[in-house]
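Asker: Here the protein sequences come in this chain order: E and D. In case it helps, this note's numbering puts the first sequence at residues 1 to 319. In case it helps, this note's numbering puts the second sequence at residues 1001 to 1437.
Because the hints were derived from the structure by calculation, they are not lab data. Predicted model only: the values in this text are computed from it and were never measured. There could be a bad hint or two in this list.
Now the stretches of chain D that chain E is said to cover, found in silico as 3 or more residues with beta-carbon under 8 Å [to be verified]: (1) 1324-1332; (2) 1382-1394.
Not close to chain D: a few residues of chain E, all C-beta gaps over 12 Å, as computed [what the hints assert, rightly or not]: (3) Ser34; (4) Arg173; (5) Ala198; (6) Phe207; (7) Gly280; (8) Lys307.
Glycine included, each C-beta is placed from N, C-alpha and C at the ideal position.
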Amino acid sequence: MIEPLGKDLLGLEPLSGDQIRLILDTAEPFKEISERAIKKVPTLRGSTIVNLFFEASTRTRVSFEFAEKRLSADTVNVASSGSSVSKGETLVDTARNLEAMRIDMVVIRHGASGAAQFLAERIESNVINAGDGTHEHPTQGLLDLLTLRDHFKRLAGLKICICGDVLHSRVARSNIWGLQKMGAEVAVCGPRSLLPNAIDDFGVTVFNRIEDAIQWADALNVLRLQLERMQAGYIPSLREYNRVFGISSERLDRAPKDLLILHPGPMNRGVEIDSDVADGPHSVILNQVTNGVAVRMAVLYLLAGGKPELAEAAKSGGR
Amino acid sequence: MTRASSEGALLLRGGRILDPSSNVDEVGDVLLSNGVVEAIGRIGEVRRDGDELHTIDCAGRVVSPGFVDVHCHLREPGREEVETIATGARAAAAGGFTAVCAMPNTDPVTDNQAAVGFIISQARLAGASRVYPIGAISIGEKGETLAEFGEMVGAGAVAVSDDGKPVVSAQLMRTALEYARTFGIPVADHCEEPTLAAGGAMNEGIMSARLGLRGIPAEAEEIMAIRDMLLARLTGGHIHLCHMSTKGSVELIRWGKERGINVTAEVCPHHLSLTEEAVDGYDTNAKMNPPLRTLADVEALQQAVRDGTIDVIATDHAPHHYDEKEREFADAPNGIVGLETALAVNLTWLVHSGIIGLPLLVERMACAPARLFKLPGGTLRKGALADVTVFDPDASWTVDPARFRSKGRNTPYTGQTLRGLVDLTVVGGRIIHQRQS
């Protein structure tokens, strides 16, 4: 018997492997809906979902919105630049106001680590973490897992290297927890100034040289390197970063096998990844985006109380 | 508060009298009159004729010199909605503290004699625990211009500190140590290398990496601790290291003391009892600076209290309004209240766990702080100030912040069952707190 997901999805660290597998399995039947001419099923008809984005986001917000709309939920987007503090209203007041409007779910993206949990502890609605600070981005982790599983037909035993700014990456954390719980071997590769000092305690292999990571891995998940990291002095220049850690076809050509290339986006072409790799035959970057909608539909469905075994039936009718 | 005994004499009868400053540990009576300790003796042997004698049965209780807290934040002037000198002094009384030292990071900063005088007059009006002001090292705690130590000491300041902020400039710290030596006061430093600690919200380690919170490495404290000790060696000044939190700091202090450097150090009850695990779940009541560290740090600090590397336990009582803490972890302010839980936390984690005995706890909470900061009190010797605390070291209670006298409710101990309750706090022979039975 698999434990239900509970009220919220705040991260992959608290989930069991079985729970993660449940979400991935539930996503499978939802993939097909997006391939239909009429991309809509009535599963969440009457549910109200607020997409609360305190940080700029296009891909994740649109992906959630499509997932919600394809399940027939009523959605409202609330976007706010800057933190809740600069906005003047506190996050707890925002939460109370939303709750007073009798909503069913909140999807929250926030610049502060722990913001999703903070909200979840204060409202009765389901809360889905769409990225909190440098903590977790669980639906991104899930869609990465789904994309890897689509390609390799398994996750156990796979060797996945996460490349780049692990220190500031919520995607990295969700990937590490999710992959480890599914039995994959995880490595990280990047400049030591962009890895947590305690990285060894995560149970991952650390590669200092990207060439070594490429020799080892079945797939690379290449993280976005933000310009701010250079400005804050973590690395001397983006140019050198590309020269030392950039994923280029020259480097990949020396791999003993074809590597699958993932990237959570948005890409800095010519920095962490070269265009010919991003657009090349081993890139599954767009498959990730497609899978994002299915995974988010699965999460919405399960948190709303949907029965996993009925997901196939849910495509055509009720809950 | 009761004023029943303010005029007459007070007899504390049949308690375990514990005064490490005079090597007393015996069951007996303590007679207080005219604001001083008049006599100590066996039960029934201390008598007094004439004036009305108010007797309090202390059987089964510990009678010790009143506790002295060398590090607290009373928020007045500037943040009176969070705490005032009066509410802070009453919280201190409820926690068994007969005297507290108020840090100068108020608004405006306590960096001149008038500001020092204001604190003293507010404390007098409050009529609870004694409050001794600590003046700022630098004007406005800006780390630039030395404040007027001489006039502040003249007005009643007992030490100087820019607490809340480190003294970044080594030259300013050198001068402060030299100048303070002129007046015989300690310089208390908040040890934090600011570029390493910048933006940090908790201890740097596996927990900060997991939670995605920016960490403060132990080295941010240790670098400044050793710098300060080297400057104390250079100047002969008295450096007092505030709220030490790491194993490395303990080792450095040990190094300094072995070499005769004029260094003293304090530790807070929370750093002796909690680890960074308390932050899990983003509990902002586990957010303070320096942050909660690891179990190895806690154990090293406990041993340092035992072996004397750490001289005193101080609360770093830091009240905040509840909605300041009710927010995203990285945005929440640092600090917890401590005056009303300090004794019980120390008893629970140090004494009842067998690390130190009761006499040593009294030494670290009462005698040593008074001695190091040259304050009256901290002893029950005949003729000393009648500042006395009576407590039950065994009584269990569950922490309910709603019952605090402090305006602050920000404590990580909510709902925990601790051992040790204050029965009576006496200042100058006058009862300022008595436990409601």
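Asker: Now, for every hint given, state plainly whether the structure supports it.
Answerer: Results for each hint:
1. Coverage of the region 1324-1332 of chain D by chain E holds [criterion: at least 3 residues with CB-CB distance below 8 Å; count 6].
2. Counting residues of the region 1382-1394 of chain D whose beta carbon lies closer than 8 Å to any beta carbon of chain E gives 0, which falls short of the minimum of three for the stated coverage.
3. With 12 Å as the threshold on Cβ separation, the claim that Ser34(E) sits away from chain D holds: the shortest Cβ distance comes to roughly 31 Å.
4. Not every C-beta of chain D lies more than 12 Å from that of Arg173(E), the closest at about 6 Å, which undercuts listing it as non-interface.
5. Residue-level check failed: Ala198(E) sits 4 Å from the nearest beta carbon of chain D, not beyond 12 Å.
6. In this structure Phe207(E) is separated from chain D by more than 12 Å, as the shortest Cβ-Cβ distance comes to about 18 Å.
7. For Gly280(E), the non-interface assignment is confirmed: its Cβ lies about 32 Å from the closest Cβ of chain D, beyond the 12 Å cut-off.
8. With 12 Å as the threshold on Cβ separation, the claim that Lys307(E) sits away from chain D holds: the shortest Cβ distance comes to roughly 30 Å.
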